[in-house]
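**Q** Sequence:
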Amino acid sequence: MTKSISPEQLDRMLEGKSRPSGSRIIWTLPAIGQRIGVGPDFIRDTLARQEGSPIKEIGGRYYAFEDDLIAFLRK
Numbered sequence: 092m093t094k095s096i097s098p099e100q101l102d103r104m105l106e107g108k109s110r111p112s113g114s115r116i117i118w119t120l121p122a123i124g125q126r127i128g129v130g131p132d133f134i135r136d137t138l139a140r141q142e143g144s145p146i147k148e149i150g151g152r153y154y155a156f157e158d159d160l161i162a163f164l165r166k
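Just so we're aligned: the sequence shown equals residues 92 to 166 in this note's numbering.
Simulated from the structure, these hints should not be mistaken for laboratory data. Be aware that one or more of the hints could be misleading.
[What the hints assert, rightly or not] Computed list of lysine to aspartate or glutamate pairs in EDC-like fashion (alpha-carbon distance at most 16 Å, straight line):
hint	residue 1	residue 2
1	147	157
2	166	142
3	147	136
4	166	148
5	147	159
6	147	132
[Claimed, not checked] Label pairs and their in silico Cβ distance ranges:
hint	residue 1	residue 2	range
7	165	94	21 to 29 Å
8	162	125	13 to 21 Å
9	136	94	26 to 34 Å
10	147	99	36 to 44 Å
11	116	141	28 to 36 Å
12	140	103	27 to 35 Å
13	151	115	32 to 40 Å
14	102	131	30 to 38 Å
Beta carbons: idealized from backbone N, C-alpha and C, even for Gly.
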């Protein structure tokens, strides 16, 4: 049986550990949308479907690494 964890629990587990770029993870559609100034529907229905999009879904939850998201939008 697999135990699910919340985004907050994962953040606590990963605290102090960073990926090489040092980018933080932004969890949930509203949080990703807030970071770039759009609504969650736009993130899910448009941005996440673009080729090469850094927005990923795992276990029904969306997330993006902040640096990857900003770099993607600058292209």
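**Q** Please go over all the hints and tell whether each is borne out by the structure.
**A** Do the hints match the structure? See the list:
1. For the hint pairing residue 147 with residue 157, the CA-to-CA distance comes to about 12 Å; that is within 16 Å, so the pair holds.
2. With a CA separation close to 12 Å, the supplied pair residue 166 and residue 142 stays within the 16 Å bound.
3. Taking the CA atoms of residue 147 and residue 136, the gap is about 13 Å. The hint holds against a cut of 16 Å.
4. The straight-line distance between the Cα atoms of residue 166 and residue 148 is roughly 22 Å, outside the 16 Å bound, and the hint therefore fails.
5. Using a Cα cut-off of 16 Å, the hinted pair residue 147 and residue 159 holds, with the two alpha carbons roughly 11 Å apart.
6. Restraint check for residue 147 and residue 132: the C-alpha separation of about 15 Å stays at or below 16 Å, so the hint holds.
7. The hint said 21 to 29 Å for the Cβ distance between residue 165 and residue 94, and at roughly 38 Å that hint is violated.
8. Evaluation of the 13 to 21 Å hint for residue 162 and residue 125 yields a pass: the beta carbon distance comes to about 18 Å.
9. At about 31 Å, the beta-carbon gap between residue 136 and residue 94 stays in the expected band of 26 to 34 Å.
10. Our hint of 36 to 44 Å for residue 147 and residue 99 is violated, since their Cβ atoms are close to 18 Å apart.
11. Look at residue 116 against residue 141: about 19 Å separates their beta carbons, and that is not inside 28 to 36 Å.
12. For the pair residue 140 and residue 103, the beta carbons lie near 31 Å from each other, so the given range of 27 to 35 Å is met.
13. Between residue 151 and residue 115 the beta carbons are some 21 Å apart, a value that contradicts the proposed interval 32 to 40 Å.
14. Judged by the Cβ atoms, the range 30 to 38 Å given for residue 102 and residue 131 is violated: they are separated by roughly 19 Å.
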